[in-house]
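Chemist: What follows is each chain in one-letter form.
6 protein chains.
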Amino acid sequence: MVYLTRKEHFNAAHRLHNSKWSDEKNREVFGKCNNENWHGHNFELYITVKGEPDPETGFVYNAKELSKIIKEKAVDRLDHKNLNLDVDFMQGIMPSTENLAKAIWQQLEPALEDCELHCVQIWETDRIYVEYYGT
Amino acid sequence: MVYLTRKEHFNAAHRLHNSKWSDEKNREVFGKCNNENWHGHNFELYITVKGEPDPETGFVYNAKELSKIIKEKAVDRLDHKNLNLDVDFMQGIMPSTENLAKAIWQQLEPALEDCELHCVQIWETDRIYVEYYGT
Amino acid sequence: MVYLTRKEHFNAAHRLHNSKWSDEKNREVFGKCNNENWHGHNFELYITVKGEPDPETGFVYNAKELSKIIKEKAVDRLDHKNLNLDVDFMQGIMPSTENLAKAIWQQLEPALEDCELHCVQIWETDRIYVEYYGT
Amino acid sequence: MVYLTRKEHFNAAHRLHNSKWSDEKNREVFGKCNNENWHGHNFELYITVKGEPDPETGFVYNAKELSKIIKEKAVDRLDHKNLNLDVDFMQGIMPSTENLAKAIWQQLEPALEDCELHCVQIWETDRIYVEYYGT
Amino acid sequence: MVYLTRKEHFNAAHRLHNSKWSDEKNREVFGKCNNENWHGHNFELYITVKGEPDPETGFVYNAKELSKIIKEKAVDRLDHKNLNLDVDFMQGIMPSTENLAKAIWQQLEPALEDCELHCVQIWETDRIYVEYYGT
Amino acid sequence: MVYLTRKEHFNAAHRLHNSKWSDEKNREVFGKCNNENWHGHNFELYITVKGEPDPETGFVYNAKELSKIIKEKAVDRLDHKNLNLDVDFMQGIMPSTENLAKAIWQQLEPALEDCELHCVQIWETDRIYVEYYGT
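Chains as they are written, first to last, in our numbering: chain Y, 984 to 1118; chain H, 984 to 1118; chain X, 984 to 1118; chain L, 984 to 1118; chain F, 984 to 1118; chain U, 984 to 1118.
Hints are not guaranteed to be accurate.
A pair holds if it fits inside one copy or across any two, identical chains being indistinguishable in the list.
Taking lysine-lysine pairs in the DSBU-like style, the calculated list, with each CA pair at most 35 Å apart, reads [unchecked claim]: (1) 1085 / 1003; (2) 1033 / 990; (3) 1085 / 1047; (4) 1051 / 1008; (5) 1033 / 1015; (6) 1003 / 1051; (7) 1054 / 1085; (8) 1003 / 1033; (9) 1008 / 1033; (10) 990 / 1054; (11) 1003 / 1047; (12) 1047 / 1008; (13) 1033 / 1056; (14) 1085 / 1056; (15) 1047 / 1015; (16) 990 / 1047.
Bear in mind the hints are in silico, worked out from the structure with no lab data behind them.
Owing to the predicted nature of the structure, the values given are computational and were not obtained by experimental measurement.
Assemble the whole structure, with the sequences as input and the hints as a guide.
Modeler: Take a look at the structure:
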């Protein structure tokens, strides 16, 4: 079993806000991330798949194909978007990086053939990242 | 003359849009950066000052003081903000990274004592950065 | 289960020296790290916690809270310190990066509520890092 | 159990080409990596070993020794080489990064004493890396 | 005057060899870079242009346009190529990184409109880079 | 004229302390950097030389030779050392990074033949660096 990771990139705006809470509680919990006029990040996305290298190609997965799938299923729908308003698969979901990782897993997993999705890792800043392994 | 550079960080949302143009022309020129629901970045800010090292301290400038000034004059007013809506010193200015660098220079330059501001450098993504040297 | 990692930073001096050994053997085993006048590093510390994202916040843990705990329990006690002389929780312990990771685990683990500490990772240089998972 | 990782570096040329296939199919599958005049990469190699820190040294493994072994068994045989033509342990193996990771594992594993090889990780570019854990 | 830098990437193989010299002298001067079976690198290319930001866009140059020009004039002709054999504008030129920077300048400079090329910077490894400013 | 930069690395301990001042003033000015038990850094050193590429080699300077000179004149005398106590060319000099850059210039400049030293750049942490151009 070999693991192959491909890095992609997207920029997006978001706001952390729980509509069931008062403005005061939202500011207390989410701090500057609650700004009603949004803020944003350069998100770095690392997608890891696993499998046996194909004897004909030496590849777990063709990295160019993997990049295409990540772009089609995730990056093109997220890049230069507002995570709260513009992204269909984030509707009704608090756009924390944790929830974003789980949602990207659900977009990618059915699209990968002949290999297994292993991890969705997202760097929100160069000091914070999350990982989701599907369970 | 020695040059001292201090790196700081802020996240922000922005939108590139020229209100004198049609929506079509805005989309043509600014592409995805024209998204009306905003997008955002992790901006990396490098501030360079220059001067003779002080014989008593060996410092061109106390790096902790420099950090404080950059935070007070720039980062605290930009971090987790919307560059188009929330930042007083960007009012009426197209929030391109070029213009942001010039505006940050104007905020910082008068606040620095006993040394000279040399360069404002801003990385918008890890593939694009701008530099402004004051003229 | 989602994993959240927060990066923090500290600078410190240390010396690798086993007082049960001759000076010659110390130099042979530890090489330049045995310098009696100390040397130092910029240590990069990555703390990973795991848990289910809170349905109200979308967070495994509030990253700002996590940062505060790491600073209080580890970074503030290590930063700009001498690992052999100044750090209470390293007394009597050889200050290898391996042992430092285990000691930081013991400081952090009891302080984390509602989530589980998963990994302490420390980069000693940009070519050497260690990881400890608690067992 | 503590994990220790050491990073090393090598540059090499390679070509992905399956001699059982037509030139057309090779170009279709391998794209630009099929260039008959070769191309190359700066490969970053991360070797992770695991074990209990030695009570006398605090080390899982002496990092300088680990570096020596990686250089002798892998880097010196790969650096500034052609992976298809110059590397004895890659003869008859498609030089994908996946297969290279497995081959490096086989070179290193028998040479490590008193600790266990845990992972061979290779970055082919700063956007693609593979990992192999021995099974 | 504001400076805008755009980073691009290409992989290539090359060999340093002076045909006027003996094999022995080539090995002595160029060391491992003289390998007759080639070696290669991930080259990072930073192109800096300068100019006044356009009052309508806030741009020194549209970064997407700049990227297109760099790709058309340089990256597409270098990526996954052999610098000695495959690149028309390197014919008859020793493919040192220094000479490559000068040759890329000559390709890019005539293609840039309404702004001035300021610097071609190439990282050959993460420890060696060159810069060329046109004179 | 082409500029060639070579990166090297050293770890060292130091303490900022002006013996003409009271302990209180030292703590006030130098903060944690005044710790009497030392602290340390991973210093990254970038040395830039300039010149015309040699027509026979394409090199401004042989990068391997440059590395040897930097190691002999600077890195070997600084690595795993105490900048206040162990380094002959820093005796009597406040070991700020600014002063260290000037002192390294003085060590390197006379040792470089057939090219010109252009810049000594030192990163003290990944957020602070200094540059010295010889005047």
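Chemist: From the Cα coordinates, with 35 Å as the cut-off, is the pair residue 1047 and residue 1015 best called within, between, both, or neither?
Modeler: Between copies, since 11 Å is at most 35 Å while 38 Å is not.
Chemist: If the cut is 35 Å between Cα atoms, do residue 1033 and residue 990 qualify within a copy, between copies, both or neither?
Modeler: Both, since 15 Å and 23 Å are each at most 35 Å.
Chemist: Have a look at residue 1054 and residue 1085 and pick one of within, between, both or neither, based on CA distance no larger than 35 Å.
Modeler: both (17 Å within a copy, 29 Å between copies)
Chemist: Pop the pair residue 990 and residue 1047 into one bin, within, between, both or neither, using alpha-carbon distances up to 35 Å.
Modeler: So residue 990 and residue 1047 pass the 35 Å test inside a copy (11 Å) and across (20 Å) alike.
Chemist: How would you classify residue 1003 and residue 1033 at a CA-CA limit of 35 Å: within, between, both, or neither?
Modeler: Answer is between: at 26 Å across copies they meet the 35 Å cutoff, but 40 Å inside does not.
Chemist: Using 35 Å as the alpha carbon limit, work out where residue 1008 and residue 1033 are close: within a copy, between copies, both or neither.
Modeler: between (42 Å within a copy, 25 Å between copies)
Chemist: Using 35 Å as the alpha-carbon threshold, which applies to residue 1085 and residue 1003: within, between, both, or neither?
Modeler: For residue 1085 and residue 1003, the Cα distance is within 35 Å only inside one copy (22 Å; across copies 41 Å).
Chemist: Are the CA atoms of residue 1033 and residue 1056 at most 35 Å apart within a copy, between copies, both, or neither?
Modeler: both (19 Å within a copy, 26 Å between copies)
Chemist: Within a copy, between copies, both or neither: where do residue 1051 and residue 1008 come within 35 Å Cα-Cα?
Modeler: between (41 Å within a copy, 20 Å between copies)
Chemist: First find the shortest C-alpha distance between residue 990 and residue 1054 inside one copy, then the shortest across copies, and answer within, between, both or neither for a cut-off of 35 Å.
Modeler: Answer is both; intra-copy 11 Å and inter-copy 20 Å each pass.
Chemist: Pop the pair residue 1003 and residue 1047 into one bin, within, between, both or neither, using alpha-carbon distances up to 35 Å.
Modeler: Classified as between: cross-chain Cα gap 22 Å, same-chain 43 Å, threshold 35 Å.
Chemist: Within a copy, between copies, both or neither: which one fits residue 1085 and residue 1056 at a CA-CA cutoff of 35 Å?
Modeler: Both, since 13 Å and 30 Å are each at most 35 Å.
In this structure, none of the earlier numbered hints is contradicted; all agree with it.
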